[in-house]
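For the record, the sequence lines run as chains G and A. First residue of the first sequence? That's 1 in our numbering, and the numbers climb one at a time after it. First residue of the second sequence? That's 1 in our numbering, and the numbers climb one at a time after it.
Simulated from the structure, these hints should not be mistaken for lab results. Warning: the hint list may mix true and false statements.
[What the hints assert, rightly or not] Just the calculated beta-carbon pair ranges, DEER-fashion:
no., chain 1, residue 1, chain 2, residue 2, range
1, G, P263, A, T141, 23 to 33 Å
2, G, P253, A, N203, 48 to 58 Å
3, G, P301, A, E169, 35 to 45 Å
[To be verified] Distance condition first, Cα-Cα at most 27 Å in a straight line; then the derived BS3-like pairs of lysine-lysine:
no., chain 1, residue 1, chain 2, residue 2
4, G, K175, G, K185
5, A, K221, G, K168
6, G, K259, A, K221
7, G, K185, G, K232
8, G, K300, G, K259
9, G, K300, G, K186
Idealized CB from N, CA, C, for every residue including glycine.
As a plain string of letters, each chain reads:
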Amino acid sequence: MAGICCGVVGEAAETSSPIEPTSRPSARRSLDLLPLKYIAADVSVPPLENSRKRQRLDRRASPARECDNAVHSSKSKVVEVVPNYSSKSPTLDSTSPTVVEEYPRYGVTSVCGRRRDMEDAVSVRPSFCQETLSHDKKLGFHFFAVFDGHGCSHVATMCKERLHEIVKEEVHQAKENLEWESTMKKCFARMDEEVLRWSQNNETPSCRCELQTPHCDAVGSTAVVAVVTPEKIIVANCGDSRAVLCRNNVAVPLSDDHKPDRPDELLRIQVAGGRVIYWDGPRVLGVLAMSRAIGDNYLKPYVISEPEVTVTERSEEDECLILGSDGLWDTVQNDIACKVVRMCLNAQKPPSPPSSPRREMAVDCSDKACSNASILLTKLALVRQSSDNVSVVVVDLRRT
Amino acid sequence: MLLLQHQQTHIYIAPEIFFYYKFKLIIIMPSSLHFDRFNPITHAATTVAIANGVNCPKQPQAPPSSTAARRLVVPSLSSGRGIAAPDTVALHHAHVVDPNQCCSIVTQHINAPVSAVWAVVRRFDNPQGYKNFVRSCHVITGDGIRVGAVREVRVVSGLPAETSTERLEILDDERHVISFSMVGGDHRLRNYQSVTTLHANGNGTLVIESYVVDVPQGNTKEETCVFVDTIVRCNLQSLAQIAENRTNNCEHTAQHC
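The shape of chain G in the complex, shown without the other chains (with noise of 0.2 Å):
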């Protein structure tokens, strides 16, 4: 029986570097055609912008030099390896015909945008913890994240490169009885001790900005984590970015904006002492624009790191998840975020019926769709003057 095996897939980089719009119309296939128009009738981009993002999304495939907009994509060249993640790759067994293995598509960008600072941090991490349901059959979970810092961005970068194994770990230490809720919220818990006990020790900084103290108290960062396994997306959400369902043409938020003025969270403040002020938007204290964080110590117990936890069912009308931080989000609505990546998707449709070599190419083609969904969602945001950094994800859900 013919099956895919999927190997290692590094993260690659790509950017889109500015160019001036070409007076004379270039060729296009007809295809091209309709999503452009569909955008600009839906969101209102003027036709010079369409054009240029046109040409950027034409030259996109060429590598570049690394920079702050960085675009990374499944099966895109690769840039760098990770030794330890490869190393950790499971081996399959290919002559196994039992062997089940769901392939992740997906798409990044994470833009610096109108910010000086680029804060924010993405992890992917496809496959990266493995549930054994008999002793031949194993399926894969796969671990994507948005981490939007604030104060500096090294408790982002600290979430991107640990949450993935703290995950891992406490997967595999509940085995049979696994609870995702209390799972995740003891995820999150480790990963705020860690990030306070990195502060609390003289080690200078490891970070590039000018902060020079070593108690850094006053950095954080939001952590929006998708888990998603053959039967279940587990979102786990602290802070104010977001994850979105895209069902049967419907937006389904999976995670709810932990602002200072939200009812609840307002009310959990004041019960622990604290207090909202509105100062430049509503503020702890007057100070932090979120009522949860990973770090930010100073702020306790007002600002906590208890994530929100979600589960929801798969299901055959799921078609993809968007995961993006508020830079996205501030600018984007979520039912638009999803006309856009459907419309990505549907664009790049697999020819039929399927063979061996067909099914490559459609693989191609998803990786390839859900990468230009989540650039455009970027370019979108940018568009609408958004003023922060801006990260996104796209994973396709649709079963092929």
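Use these hints to put chain A onto chain G, whose structure you have.
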């Protein structure tokens, strides 16, 4: 007229206890009278008021402290003998407060000698040495640490501010007094002026930082004090950790010499 407010129920406050409680120092003066910090009459009255722990009548314009705000006060962990020179505090922490302004004071005890703490505090050109919310600082006028110098501070992300332009008003290496005012920047704190003084307290140091600032439109005096107190307290706690670590490192090094 000098008015003192405090949050304790008992009337008499001993001098050594006085500085461990949060209080607000408000001076109401006729606009026609020019305030001179060396005015002997005012100076004497202030000294007498503090030395005697007079329970002054409550300032009618000041709102009562809320339970939430009271809980934010972090008491000093250790007690020590009283401050030998209360007149120094009165002299430097007496702020002229307009009706649309508020003022407050934050204290921090540090287990490190005054010299170690002062070495960090006096660096007007390097506030990120102990202040948490400073990303970078560049002196744009003057040579760095002289009265009249102006620095441009860039604030870290996540806060409701981008930059702050600040002028050095007082730098007294003998009496350990430093003061700066905010003369510009992208923030909502107008006419902000702060004074920080250090006082020997046994083997340690008592840091007192007071400030006066306009109340921004749309906010109350209490809200403004909660916001600024949070920033100042965070900075002073960071200062304590840094000075204490430096002192411990010096002692550790000395043992091996």
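A quick look at each hint next to the structure:
| no. | hint | verdict |
| --- | --- | --- |
| 1 | G:P263 x A:T141: 23 to 33 Å | violated, 48 Å |
| 2 | G:P253 x A:N203: 48 to 58 Å | holds, 57 Å |
| 3 | G:P301 x A:E169: 35 to 45 Å | holds, 37 Å |
| 4 | G:K175 x G:K185 | holds, 17 Å |
| 5 | A:K221 x G:K168 | violated, 49 Å |
| 6 | G:K259 x A:K221 | holds, 24 Å |
| 7 | G:K185 x G:K232 | holds, 17 Å |
| 8 | G:K300 x G:K259 | holds, 16 Å |
| 9 | G:K300 x G:K186 | holds, 17 Å |
Checked against the numbered hints above, the structure breaks hints 1 and 5 and satisfies the rest.
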